[in-house]
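Peer 1: Each chain is listed here by its residues.
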Amino acid sequence: MEIFGVPHQALLGQLLLGLVNGSFYAMLSLGLAVIFGLLNIINFAHGAMYMMGAYAAWMLLEYFQIGYWWSLLLAPLSVGAFGILIERVLMKWIYRLDHLYGLLLTFGLSLILEGIYRDQFGVSGQPYQVPELLRGATDLGFMRLPNYRAWVVLVSLIVCLGTWYVIERTRLGANLRAGTENPQLVQAFGVNVPLMVTLTFAFGVGLAGLAGVLAAPLYQINPLMGSNLIITVFAVVVIGGMGSILGSIVTGIGLGLIEGLTKVFWSEASSTVVFVIMAIVLLVRPAGLFGREK
Amino acid sequence: MKKTLMATLVGAAMMTGSGTMFAQGAGKGADKGKAAGGISGGVVKIGVITDMSGLYADLGGEGSVTAARMAAEEFGNRVAGVAIEVVGADHQNKPDVGANKIREWYDTQNVDMVSDALNSAVGIALAKISAEKNKLAMISGAATSRLTNEDCNANTIHYGYDTYALANISGNAIVKAGGKSWFFLTSDYALGHSLENDTGGWVKRAGGEVKGAVRHPLNASDFSSFLLQAQASKAQVVGLANAGGDTINSVKAAVEFGLTKNQTLAGLLVFITDIHSLGLQNTQGMYLTDGWYWDLNEDTRKFGKRFFERMKKMPSMIHAGTYSATLQYLKAVQATNSDDPKVIRAYLSKTKMNDMFHKNAWLREDGRVIRDMYLMQVKKPSESKYPWDYYHVRATVPGEQAFQPLAQSKCSLIKK
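Taken in sequence, the protein lines are chains R and S.
If you want our numbering, it's the 1-based position in the first sequence plus 35.
If you want our numbering, it's the 1-based position in the second sequence plus 17.
So here's chain R without its partners, still in its complex pose:
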């Protein structure tokens, strides 16, 4: 069977790979959406945090012989801790200012971070092996799917849905959302709002760190790996609706699939298609697919 001249088996394979890429988009855009939705900060340093997560995994292995599984926990924690530092030292001064200041601050921060890593490690990057347990591939009939990629999709889905559940369905999430709407009132109820804000930021960038660890065995760990991805991820957030948790998850995965299909039919356009969709969405629904006009 062929669809537009492409065997359906090849098409299925491409869709599956699109799903893997979509999982990365979803997890990265989720972190951005959490930070924007709850803190109103456009975190342009998110790509750099993703890169730092990957490097943290590599450094843990290189300098401390700590393997992948521990890195999965330790790298996001260390990136989160770094997030706490920049939130406390830099971010807290600009919450009251226009969004543009946050954007410029984080953009500058990401250039500095990339510069430091490039200076230290060069641009060719470092290799990171797939963990023993997840090596090999499963034959699905239409393609050979490396086990590690399946694992990425699984982790990403669990993390995304878990985050959505906590923010939208639990008391903690309700406090968070209330704290961003009216900090004074929530503080009056005895909730430590500044602490909550700091931890939310740390969680958001920790998600980027986790995505970095997941990406480490797949792509070469290199200082620019974040900036190659971050523009697409921002497009995902804009299409999904700024700050919408569900929107970022659904759009992330959806755009991964669309990009996968573009690679089959017109591979040259695969890096552009996301932005074409962004332009159309902005014309038709300026607040994004899942966003609400304020």
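These aren't lab readings, by the way, just hints derived from the structure by calculation.
One should not assume that every hint holds.
[Said to hold, decoys possible] Sample of chain S residues lacking proximity to chain R, with all beta carbon distances greater than 12 Å (derived):
{"no.": "1", "residue": "E79"}
{"no.": "2", "residue": "K221"}
{"no.": "3", "residue": "G275"}
{"no.": "4", "residue": "K322"}
{"no.": "5", "residue": "R323"}
{"no.": "6", "residue": "K402"}
{"no.": "7", "residue": "T413"}
[Said to hold, decoys possible] Heads up, incomplete: computed chain S residues facing chain R, CB under 7 Å, no partners named:
{"no.": "8", "residue": "D205"}
{"no.": "9", "residue": "S241"}
{"no.": "10", "residue": "E273"}
{"no.": "11", "residue": "S294"}
{"no.": "12", "residue": "G296"}
{"no.": "13", "residue": "D312"}
Keep in mind it's a predicted model, so treat the numbers as computed, not measured.
All C-beta atoms, glycine included, are put in the ideal place defined by N, C-alpha and C.
Assemble the complex: chain R is given as a structure, and chain S must be docked to it using the hints.
Peer 2: Just chain S, lined up with the frame of chain R:
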């Protein structure tokens, strides 16, 4: 509020694409006026235009500027009675950024010769501007064979290697070893297309077949879909018509998807920095063509060691080529007491070039430097005895066989 925010964000997202990070060597205002002899501006100034921050920065970048400085130091930083200055700039892999910098150098900074130009689109821009401003381009970075064909001119010397030689040597060797059917994974810009066309031509001439190609955007981080298409083609050989980080990520994904079990990878533009970064485990057995290797002989090892002391890595063919281009240029300036591009070129066409980069290399009338090239095979991890011990030299191909014969050249300088 939200609308304006979105607009800002979209604008900013676009902006990062052109994030300006400038690395530039100290460019002191040169004193104007003619000095003794025929040296314009009273200084011999060499510009190294390269990728300082992007995917090719390890192949060229700061290392190329250092290499050019090493050549200048061999002259005690003075030639023909005037000072030598080396400046470097980042073209960010954008021909317009590179072109602006080159124009600025030529117009206002007294730069006499520009080298490296890693990235074929920048290389072509450099060639055109050098002809327009009557300066000299000694391109050791860019690979496209257009520089000695459609885009050749009297002010451009294509120094180290080109896509024709890479294609010819890799293509020939692999077709002869039985890899008859090919599929290309091509980086969608000048270099990728050039590699694909040239190698495809060789494959067909050697009796092979090209089953197709997939074009990927520059800096594509995920190559899995492209590799799946390469796998579906069932071609025996998958030619990687890309470079730098793109090649690294394609090799990684090819190993992951098991492509290397049934198909052979042919790196059409693979550098030692790529092998270093991927590790021998991922690359062992791969054939590639290189114009230079630090472990060829005593001279190359000596240069490698000197370079390593400064850069903490072994030089690539581009570093060595930029060093050699600068050295030969300075020798010509010394011998002719002039920095006029026509005089320098005439001198270089009459003289054999000898240094640690090549022996008895010579400049052909289309601007091509004819020099030996090497077919390498990546060592197994067990065969590598010391750091950076990566290659077996499988063949030394004489320049006359490696490069495009003059008769085939489309260069307008050749009288037919």
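Peer 1: Evaluate each hint against the coordinates.
Peer 2: How the hints compare with the structure:
1. E79: Non-interface label on E79 (chain S) violated, nearest chain R Cβ at 10 Å vs cutoff 12 Å.
2. K221: Holds, since 23 Å exceeds 12 Å.
3. G275: 6 Å, violated
4. K322: 19 Å, holds
5. R323: Answer for R323 (chain S): holds, closest chain R Cβ roughly 19 Å.
6. K402: 20 Å, holds
7. T413: Non-interface label stands for T413 (chain S): nearest chain R Cβ at 27 Å, farther than 12 Å.
8. D205: 5 Å, holds
9. S241: With a closest approach of 5 Å, the S241 (chain S) hint holds.
10. E273: The hint holds - E273 (chain S) has a Cβ within 7 Å of chain R, the shortest such distance being about 5 Å.
11. S294: Since chain R brings a Cβ to about 4 Å from S294 (chain S), closer than 7 Å, the hint holds.
12. G296: 5 Å, holds
13. D312: Since chain R brings no Cβ nearer than about 19 Å to D312 (chain S), farther than 7 Å, the hint is violated.
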